[in-house]
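Chains as they are written, first to last, in numbering that gives the first Met the number 0: chain A, 0 to 413; chain B, 0 to 413.
Any given hint could be a false lead.
Straight-line alpha carbon distances no greater than 25 Å define the calculated DMTMM-like cross-link-like pairs of lysine to aspartate or glutamate that follow [said to hold, decoys possible]:
{"#": "1", "chain 1": "B", "residue 1": "K377", "chain 2": "A", "residue 2": "D397"}
{"#": "2", "chain 1": "B", "residue 1": "K406", "chain 2": "A", "residue 2": "E234"}
{"#": "3", "chain 1": "B", "residue 1": "K369", "chain 2": "A", "residue 2": "D397"}
{"#": "4", "chain 1": "B", "residue 1": "K205", "chain 2": "A", "residue 2": "D391"}
{"#": "5", "chain 1": "B", "residue 1": "K1", "chain 2": "B", "residue 2": "D125"}
{"#": "6", "chain 1": "B", "residue 1": "K392", "chain 2": "A", "residue 2": "E204"}
{"#": "7", "chain 1": "A", "residue 1": "K407", "chain 2": "B", "residue 2": "D178"}
{"#": "8", "chain 1": "B", "residue 1": "K407", "chain 2": "A", "residue 2": "E204"}
{"#": "9", "chain 1": "A", "residue 1": "K413", "chain 2": "B", "residue 2": "D178"}
Far from chain A, by Cβ distances over 12 Å, these chain B residues were calculated [stated by the list, open to error]:
{"#": "10", "residue": "K63"}
{"#": "11", "residue": "Y103"}
{"#": "12", "residue": "E223"}
{"#": "13", "residue": "F225"}
{"#": "14", "residue": "L297"}
{"#": "15", "residue": "A357"}
{"#": "16", "residue": "V380"}
A short, non-exhaustive set of chain A residues, derived as facing chain B with CB atoms under 10 Å [stated by the list, open to error]:
{"#": "17", "residue": "G14"}
{"#": "18", "residue": "T37"}
{"#": "19", "residue": "H44"}
{"#": "20", "residue": "L170"}
{"#": "21", "residue": "D173"}
{"#": "22", "residue": "T175"}
{"#": "23", "residue": "A202"}
{"#": "24", "residue": "E204"}
{"#": "25", "residue": "I293"}
{"#": "26", "residue": "S296"}
{"#": "27", "residue": "I346"}
{"#": "28", "residue": "V349"}
{"#": "29", "residue": "Y382"}
Source of the hints: derived by calculation from the structure; they are not laboratory data. Keep in mind it's a predicted model, so treat the numbers as computed, not measured. We put the CB at the ideal spot given by N, CA and C, even for glycine.
Protein chains: 2
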Amino acid sequence: MKKLKGAAILGQSGGPTSVINASAAGVFLEALKHEEITAVYGAKHGIRGILNEEFYDIGKEDVKELELLKNTPASMIGSVRYKLADPKKDPTDYFRLLEVFKKYNIRYFFYNGGNDSMDTANKIADFLTEHDYECRVMGVPKTIDNDLYGTDHCPGYGSAAKYVATTLMELYHDATVYDTPQVTIVEIMGRNAGWLTAASQLAIEKGQGPDLVYLPEKVFDYDEFFEDIEKKLKESSKVIVAFSEGVRDKDGNYIPEKYSDLSKDSFGHTQLGGAAAILADEVKKRFDVKVRAIEFSLMQRCAAHLASAVDVEEAFNAGREAVKSAVNGHSKYMIAFERVSNNPYKINYVHLPLSKVANVEKKVPLEWIKPHGAGLTKEFVEYALPLIQGDDKAPLEDGLPRFANLKKVLVNKK
Amino acid sequence: MKKLKGAAILGQSGGPTSVINASAAGVFLEALKHEEITAVYGAKHGIRGILNEEFYDIGKEDVKELELLKNTPASMIGSVRYKLADPKKDPTDYFRLLEVFKKYNIRYFFYNGGNDSMDTANKIADFLTEHDYECRVMGVPKTIDNDLYGTDHCPGYGSAAKYVATTLMELYHDATVYDTPQVTIVEIMGRNAGWLTAASQLAIEKGQGPDLVYLPEKVFDYDEFFEDIEKKLKESSKVIVAFSEGVRDKDGNYIPEKYSDLSKDSFGHTQLGGAAAILADEVKKRFDVKVRAIEFSLMQRCAAHLASAVDVEEAFNAGREAVKSAVNGHSKYMIAFERVSNNPYKINYVHLPLSKVANVEKKVPLEWIKPHGAGLTKEFVEYALPLIQGDDKAPLEDGLPRFANLKKVLVNKK
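Assemble the whole structure, with the sequences as input and the hints as a guide.
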């Protein structure tokens with residue numbers, strides 16, 4: 000295999016997770032080892048950083064700080080939600096990328112993101128090939144939603160799932176404090192795939208979880224929901240509901256959509272709060288109980304203090320594997336996880352063509368979802384449990400996490 | 000000092016914290032050591048458990064599980080919000096308590112709670128004395144609000160403060176991911192005292208905190224608030240606001256109160272969500288930016304996985320000290336903390352008469368609060384920093400916290 004000499008650049012894309020920076024640490028620390036990689040760059044805000052020739056010189060950073068990236072949440076070099084056009088319709092951005100790549104002799108391009116980002120990486124790779132510019136393009140997966148096609152699971156999911164299960168267990172204890180009837184509705188992220196809400200089953204297995212669980216994979220029925228609540232209230236004075244923000248009714252409407260027309264017509268602005276707040280209001284109207292809505296909001300995707308050690312390690316390794324693969328001559332692949340066994344838990348890092356992962360969503364299998372909000376089957380538990388194992392978090396300084404502190408030295412524009 | 004032989008009972012009262020069970024562990028494990036304490040009971044749902052003769056026999060529990068209580072959030076034996084009447088107006092409950100105490104020979108009564116609970120304990124102690132029933136009554140403080148009079152700080156506060164500061168640091172990283180303008184308003188608990196919201200200063204000290212902080216101790220001005228936001232938006236594309244749920248305007252109205260008339264008149268039901276959601280909506284109307292409201296909700300009071308080691312230890316010791324003091328003949332005191340030094344951090348456990356602590360609220364000193372939401376002074380930081388030190392959490396089992404699992408054997412009614 001021919002050695003390819005040139006600079007490497009990493010872009011972070013899409014919503015943050017607790018371990019997206021762990022993948023960055025993997026890419027950076029591995030790339031700095033290889034003599035054929037002449038410089039290591041971090042694109043400021045993903046693709047836009049490349050288009051604007053704004054990238055950080057990672058070679059100027061302390062290795063100790065790059066190590067701390069493993070336990071620093073969100074996207075340290077900045078993320079972006081920027082969708083490239085179809086190059087056949089508008090190749091402007093692609094020509095600009097080619098120009099920048101040539102100017103800085105960028106020969107290794109790593110893109111860390113979800114399915115949209117893999118689509119972007121794939122289009123860029125094809126365009127560079129068509130224009131005879133040799134550049135190895137590798138995708139590194141990430142998403143708390145766990146909805147990427149072709150990989151057993153995604154970096155970011157394990158930590159978010161651990162947050163959901165742990166926090167639901169703690170809320171369970173909080174909810175049982177008084178003996179007055181009470182319904183608590185917890186809203187969990189996941190627009191179309193319910194993987195994260197499904198993690199509440201891990202708390203249920205401990206006897207300290209929600210009583211009802213609703214995923215977007217199943218059509219939501221309002222009447223059935225209120226019947227489920229009524230039934231549970233007869234069994235227990237406290238009822239906890241885990242509810243995915245992505246749940247939709249038979250008309251395809253999200254919960255806030257169904258109710259937003261009402262408030263829009265009267266007030267001219269959309270309903271405050273999400274699905275949980277609205278459902279809490281509806282439950283309050285029907286039952287004489289205390290009701291509380293809780294949103295896990297951004298905490299579920301950035302609670303690095305509660306990250307899964309397995310997730311941190313896999314995210315880091317995915318970044319390293321991407322670099323090693325590229326140096327070894329591979330291109331146009333995403334690093335994917337293939338599960339070898341559960342006992343002991345073992346995965347292989349494999350190559351998945353970018354074209355295959357782009358824009359496909361992987362949902363929770365319907366046969367894993369029990370009816371009437373009764374949670375998930377044991378197949379889900381066997382799948383998810385290995386992913387939340389172990390603790391790995393930033394060291395404490397003054398009782399608070401010591402996150403990475405990068406110098407962020409911008410490369411001089413040529 | 001005369002030895003007093005009889006049973007001991009603990010009641011938990013008011014809202015939960017991460018370490019209220021650590022105090023229970025302290026009371027139980029210490030009480031089980033003393034031969035003059037003939038039985039150790041846990042009242043099911045506080046005072047109501049005593050009135051109903053429903054208490055758990057703690058002697059039947061495994062010591063290992065009682066140790067695990069240290070890291071189990073909320074109130075394991077059940078809490079209550081039940082206010083006893085003035086005994087001069089209606090002594091019914093007091094006579095019933097006396098009857099139960101006599102029947103089970105209860106000679107030690109420990110009550111763990113906030114200022115209301117200390118008031119309750121004080122009234123009971125006085126009544127028992129007046130009716131010549133010898134019983135030693137000791138209060139154990141707890142509240143995330145940190146508003147108890149006469150103690151340097153309260154068990155529960157350190158862990159909640161650590162949650163607030165850590166989570167704000169994580170949200171800071173999440174908020175800086177995109178370069179589009181964005182305002183995030185975070186709502187933090189504290190009805191009348193802003194101690195918990197003040198903890199956001201600890202994140203600010205790290206350069207990873209909110210840009211604006213509003214406490215209930217200062218009268219809130221809407222115009223000033225929007226001016227503060229406008230100014231910050233000129234300095235940075237991302238603005239994070241830490242906002243106490245207890246903030247009130249010049250008319251004494253909480254934020255939801257000011258806006259609830261509006262929605263009540265139009266819809267017939269009260270506004271969904273709290274202060275943050277309403278303010279987010281108002282910011283959205285005034286500025287062309289993305290706005291997000293986040294409520295720390297119950298998580299801030301039950302996130303035992305993020306407890307402060309100092310807090311856990313002090314809560315545990317407060318419980319032990321209460322038992323030791325009672326055995327040594329003391330009564331009608333709350334265990335309070337007296338700070339000896341900050342470097343090294345050291346406290347003394349002292350006795351505060353119950354009558355002094357009852358129904359008095361301790362607020363954040365006004366001179367510690369900077370104007371225009373600019374946070375807290377260094378005096379606050381010196382005060383709060385020692386309280387959030389160290390980690391102490393439940394061991395992991397299957398990647399999730401292994402909380403205490405009590406048998407909860409009810410004592411046979413006599």
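Quick rundown of the hints versus the structure:
1. Taken as a hint, the K377 of chain B and D397 of chain A pair is honoured in the structure, with Cα atoms around 15 Å apart against an allowance of 25 Å.
2. Between the alpha carbons of K406 of chain B and E234 of chain A the distance comes to roughly 21 Å, so the proposed pair stays at or under 25 Å and holds.
3. With a C-alpha separation of about 23 Å, the suggested pair K369 of chain B and D397 of chain A falls inside the 25 Å cut-off, and the hint holds.
4. A threshold of 25 Å between alpha carbons decides the hint, and for K205 of chain B with D391 of chain A the separation of about 21 Å falls inside it, so the pair holds.
5. At roughly 20 Å between alpha-carbon atoms, K1 of chain B and D125 of chain B fall within 25 Å of each other, so this suggested pair holds.
6. Taking the CA atoms of K392 of chain B and E204 of chain A, the gap is about 20 Å. The hint holds against a cut of 25 Å.
7. Between K407 of chain A and D178 of chain B the alpha-carbon distance is near 15 Å, which keeps this suggested pair within the 25 Å criterion.
8. Between K407 of chain B and E204 of chain A the alpha-carbon distance is near 21 Å, which keeps this suggested pair within the 25 Å criterion.
9. For the hint linking K413 of chain A to D178 of chain B, the alpha-carbon distance of about 24 Å falls within 25 Å, and the restraint holds.
10. Non-interface call for K63 of chain B relative to chain A: holds, since the shortest CB-CB distance, roughly 17 Å, exceeds 12 Å.
11. Annotated as non-interface, Y103 of chain B keeps its C-beta farther than 12 Å from every C-beta of chain A; the closest such distance is 21 Å.
12. For E223 of chain B, the condition that its CB be more than 12 Å from all CB atoms of chain A holds, with the nearest at approximately 23 Å.
13. The claim that F225 of chain B lies off the interface holds: its Cβ sits roughly 17 Å from the closest Cβ of chain A, which is beyond the 12 Å cut-off.
14. Separation of L297 of chain B from chain A is inadequate, the least Cβ-Cβ distance of about 5 Å not exceeding the 12 Å criterion.
15. The Cβ of A357 of chain B lies farther than 12 Å from every Cβ of chain A, with a closest approach of about 22 Å, so its non-interface assignment holds.
16. Not every Cβ of chain A is farther than 12 Å from the Cβ of V380 of chain B; the closest lies at roughly 10 Å, contradicting the non-interface assignment.
17. Taking 10 Å as the C-beta contact cut-off toward chain B, the hint placing G14 of chain A at the interface holds, the least distance being around 8 Å.
18. Because the closest C-beta pair between T37 of chain A and chain B is about 28 Å apart, greater than 10 Å, the hint is violated.
19. The closest approach between the C-beta of H44 of chain A and any C-beta of chain B is roughly 5 Å, which is under the 10 Å cut-off, so the hint is satisfied.
20. Hint on L170 of chain A holds. Least Cβ distance to chain B is approximately 6 Å, under the 10 Å limit.
21. With 10 Å as the threshold, the beta carbon of D173 of chain A comes within range of chain B, its nearest partner Cβ sitting at about 4 Å, so the hint holds.
22. Because the smallest distance between the Cβ of T175 of chain A and any Cβ of chain B comes to about 7 Å, under 10 Å, the interface hint for this residue holds.
23. Contact between A202 of chain A and chain B, as hinted, is supported at the beta carbon level, the nearest pair being about 7 Å apart and thus within 10 Å.
24. The beta carbon of E204 of chain A comes within 8 Å of a beta carbon in chain B, closer than 10 Å, and the hint placing it at the interface holds.
25. Because the beta carbon of I293 of chain A sits about 5 Å from the nearest beta carbon in chain B, less than 10 Å, this interface hint is met.
26. Evaluation of the S296 of chain A hint against chain B yields a held restraint, the C-beta minimum of about 5 Å falling below 10 Å.
27. Restraint check, I346 of chain A versus chain B: the minimum CB separation of about 16 Å is more than 10 Å; hint violated.
28. Checking V349 of chain A against chain B: minimum C-beta separation of about 25 Å lies over 10 Å; hint violated.
29. Annotation: interface hint on Y382 of chain A violated; nearest CB of chain B at approximately 13 Å, more than 10 Å.
This entry does not satisfy hints 14, 16, 18, 27, 28, 29, going by the numbered hints stated previously.
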